[in-house]
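Engineer: Build out the structure end to end from the sequences listed, making use of the hints.
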Amino acid sequence: MKFTLKTTVAAAAALLASAAALADVKIGITLSLTGPASGLGIPVGNQFKLWPQTIAGEKVQLIILDDASDPGKGVTNARRFVTDEKVDMVFGGSITTVSAAVAPVAAEAKTTQISIAPVGVPPAQEPWVFRLPQGFTVMAFPIIEHMKKAGVKTVGFLGYTDAYGESWLKEFVAQGEKAGIKVVATERFARSDTSVTPQALKLVSARPDAMLVVASGSGAAMPHKTLVERGFKGRIYQTHAAATPDLVRIGGRDVEGGLVVSGPAVVAEQLADSHPSKAVAVDFVTKYEAAYGKGSRNQFAGHAYDAQIMLEKILPVALKKGKPGTPEFRAALRDAVEGMGRTIFSHGVMNWTKDDHWGYTNETGVMLKVVNGQFVVEK
Amino acid sequence: MDVTIASILALDGLTNGAIYALLALATVLVFAVTRVIFIPQGEFVAFGALTLALLQAGKVPGTVWFLLALAVAVAVQDAVRGLRHRAPPARLARQALATLAYPVAVSLLALWVAPMGLPMLAQAALSVALVTPFGSLLYRLAYESLADASVLTLLIVSVGVHFALVGLGLYFFGAEGFRNPSFWDERFSIGDLTLSGQTIIIFAASLALIVGLWLFFERSLMGKALRATAVNRLGARLMGISSSSAGRLSFTMAAFIGALSGLLIGPTTTVFYDSGFLIGLKGFVAAVFAGLASYPLALVGALGVGLLESFGSFWASAYKEVIVFSAILPVLLWRSLRDPHGEEH
Numbered sequence: 001m002k003f004t005l006k007t008t009v010a011a012a013a014a015l016l017a018s019a020a021a022l023a024d025v026k027i028g029i030t031l032s033l034t035g036p037a038s039g040l041g042i043p044v045g046n047q048f049k050l051w052p053q054t055i056a057g058e059k060v061q062l063i064i065l066d067d068a069s070d071p072g073k074g075v076t077n078a079r080r081f082v083t084d085e086k087v088d089m090v091f092g093g094s095i096t097t098v099s100a101a102v103a104p105v106a107a108e109a110k111t112t113q114i115s116i117a118p119v120g121v122p123p124a125q126e127p128w129v130f131r132l133p134q135g136f137t138v139m140a141f142p143i144i145e146h147m148k149k150a151g152v153k154t155v156g157f158l159g160y161t162d163a164y165g166e167s168w169l170k171e172f173v174a175q176g177e178k179a180g181i182k183v184v185a186t187e188r189f190a191r192s193d194t195s196v197t198p199q200a201l202k203l204v205s206a207r208p209d210a211m212l213v214v215a216s217g218s219g220a221a222m223p224h225k226t227l228v229e230r231g232f233k234g235r236i237y238q239t240h241a242a243a244t245p246d247l248v249r250i251g252g253r254d255v256e257g258g259l260v261v262s263g264p265a266v267v268a269e270q271l272a273d274s275h276p277s278k279a280v281a282v283d284f285v286t287k288y289e290a291a292y293g294k295g296s297r298n299q300f301a302g303h304a305y306d307a308q309i310m311l312e313k314i315l316p317v318a319l320k321k322g323k324p325g326t327p328e329f330r331a332a333l334r335d336a337v338e339g340m341g342r343t344i345f346s347h348g349v350m351n352w353t354k355d356d357h358w359g360y361t362n363e364t365g366v367m368l369k370v371v372n373g374q375f376v377v378e379k
Numbered sequence: 380m381d382v383t384i385a386s387i388l389a390l391d392g393l394t395n396g397a398i399y400a401l402l403a404l405a406t407v408l409v410f411a412v413t414r415v416i417f418i419p420q421g422e423f424v425a426f427g428a429l430t431l432a433l434l435q436a437g438k439v440p441g442t443v444w445f446l447l448a449l450a451v452a453v454a455v456q457d458a459v460r461g462l463r464h465r466a467p468p469a470r471l472a473r474q475a476l477a478t479l480a481y482p483v484a485v486s487l488l489a490l491w492v493a494p495m496g497l498p499m500l501a502q503a504a505l506s507v508a509l510v511t512p513f514g515s516l517l518y519r520l521a522y523e524s525l526a527d528a529s530v531l532t533l534l535i536v537s538v539g540v541h542f543a544l545v546g547l548g549l550y551f552f553g554a555e556g557f558r559n560p561s562f563w564d565e566r567f568s569i570g571d572l573t574l575s576g577q578t579i580i581i582f583a584a585s586l587a588l589i590v591g592l593w594l595f596f597e598r599s600l601m602g603k604a605l606r607a608t609a610v611n612r613l614g615a616r617l618m619g620i621s622s623s624s625a626g627r628l629s630f631t632m633a634a635f636i637g638a639l640s641g642l643l644i645g646p647t648t649t650v651f652y653d654s655g656f657l658i659g660l661k662g663f664v665a666a667v668f669a670g671l672a673s674y675p676l677a678l679v680g681a682l683g684v685g686l687l688e689s690f691g692s693f694w695a696s697a698y699k700e701v702i703v704f705s706a707i708l709p710v711l712l713w714r715s716l717r718d719p720h721g722e723e724h
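In order, the protein sequence lines correspond to chains A and B. The working numbering puts the first residue of the first sequence at 1, with every later residue one more than the last. The working numbering puts the first residue of the second sequence at 380, with every later residue one more than the last.
Please note that the accuracy of each hint is not assured.
Straight-line C-alpha distance at most 27 angstroms; calculated BS3-like pairs for lysine-lysine [claimed, not checked]:
| hint | chain 1 | residue 1 | chain 2 | residue 2 |
| --- | --- | --- | --- | --- |
| 1 | A | K354 | A | K110 |
| 2 | A | K110 | A | K313 |
| 3 | A | K59 | A | K49 |
| 4 | B | K438 | A | K294 |
| 5 | A | K26 | A | K313 |
| 6 | B | K438 | A | K49 |
| 7 | A | K110 | A | K170 |
| 8 | A | K287 | B | K438 |
| 9 | A | K320 | A | K59 |
Far from chain A, by Cβ distances over 10 angstroms, these chain B residues were calculated [as the list claims (entries may be wrong)]:
| hint | residue |
| --- | --- |
| 10 | G496 |
| 11 | A607 |
| 12 | G614 |
| 13 | A706 |
Computed footprint of chain A on chain B, listed as stretches where at least three residues anywhere in the stretch have a Cβ under 8 angstroms from a Cβ of chain A [as the list claims (entries may be wrong)]:
| hint | region |
| --- | --- |
| 14 | 384 to 392 |
| 15 | 547 to 557 |
| 16 | 650 to 660 |
| 17 | 694 to 705 |
Read the hints as simulated data drawn from the structure, not as lab findings. For every residue, glycine included, the Cβ atom is placed at its ideal position computed from N, Cα and C.
Structural biologist: Structure (structure tokens):
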């Protein structure tokens, strides 16, 4: 290696920067970059790589650790963040199980946790947890509305045997009941299953008007295909974790006409000009696709983009109350998130309050339909 | 439940069972010859399916780089061992050449033809050719120097190899799943039952492989040598059968069977880099049915596992895996009551 004056100056500057780093805003991020849920974690990490060095005039240092989709590892990461690194905020995990495991650690250290997965936590931890993704309540709403309009009365449920499937089932049954929509058959499967034919048979023989498939990423295609192969002719609905190009890539012709609920970010260009998120969402997809290739946009990276918008708004407020690295600053950050008010995210209008740490309103979700292998907004 | 549903379930179960049967046979083969409980058997399934998927997409599959890395690692290991024993350099060079020749050749071939979009059968053959050498290389890298260790030690190594392969699988293939196009799109209706071309291929290929294995063990000298090693390692060695080449051969066959299973299962489900583990584990359950010794019993066990899984998911889909894996308990109980023997060490 050749040492030039330039590199020496750069090295010196880096040294100085690390000395000054004590006053930087530090954020610990735990993501599932490997393991079974890495399909969701990797795009989030990609977006964090696009973050600027400074936000709202303040240097922001991101410490990204991999939790391998393992809640135990997530806890280890979180402990390292709050004890060794003394971070001001924790972001993550990118899946529900890890977020749930991180929550008690964050609450104990009185550090705000911004979860990148929908997660329910006990009341004692609730004050410190905020979620970036839309909750199940918000996302079940457009599906139920669509079903009501289409005259669907009975639904077959085919979902993951994990927390994601369970939470959807609970929410969907509750909201459906109010709308007069009944779940007549409930079947489960796992992402790694080699076949869901038996489940599909049972569901089809219950003759529901529509099916709800609860699965994520490329795992959502196989059950959809099998239902079609087993002769199901009704509408098939998919949840927001399935709103990725992988659904079409793997499902091909069989997922044609499938209905997928999603946040507005992935269909940025198709949003009406009056949609509040249009400008932000277009900005997100243009920048993300410029960095990672055409068609690489996805729901999950959008949340990391939104986290930056959040910081831009709350950092100036919190900085008035304390210096980064102090307990006062951490408490101020939390209060700033709660008092953030209506903020335009790429994923909708966020409004976290003291009593609502989910924040999104029912207008957030968008129904998409697969037409000729593309997601098209269903009007 | 009526006859139609039952027959569809049975067909589904037997189709998956046929795949499990292949893996069970491979597991029994490897255990009988080398006493290794080969947990990573399923990884070859995922590697085979994903290699074909990436070739289909016109990309160079990660398997190529993986194979080269593995071959170089084995060559280095051999060289270090050779230098320690002060072997002549000419022999070392010959040894390295023998190790590297095939992997490098097949990798170059893959690099050359990957963007050409060959017909699917040619790509399938290339996928098998890429995954098969993994068996022997893994054996030489992880197991050969431990050939005389206890079954438990070998099992622990297997667990390690499994984790390493899954992690590297994520690195080389990415986190998203792939589904391969069917080899044969035809559909046949027998009453209410639809038989897809892929199902017929699965059955035919499994049957052909089983018959092929039987002929190999009964008729060929190499097969007989493997059987001899399985019956009595020391005795076989005294008769001039090299136990390490028997080990390499059995692992090569295991990798071949795994890759082929991957090609068979690829069009029926979405395969992820880590899908192989559960598939392999079900093959292992079937092999345990057979006491890790009998091929025909392993076959019966595998079809049983397939059926149990299919009917289990129909009746109680949330407890499917519980049903399949608990089925191993009564079998173990029955086995240990029938022929009680002490722990072997």
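Engineer: Among all the numbered hints in the text so far, which are the ones the structure does not match?
Structural biologist: 7
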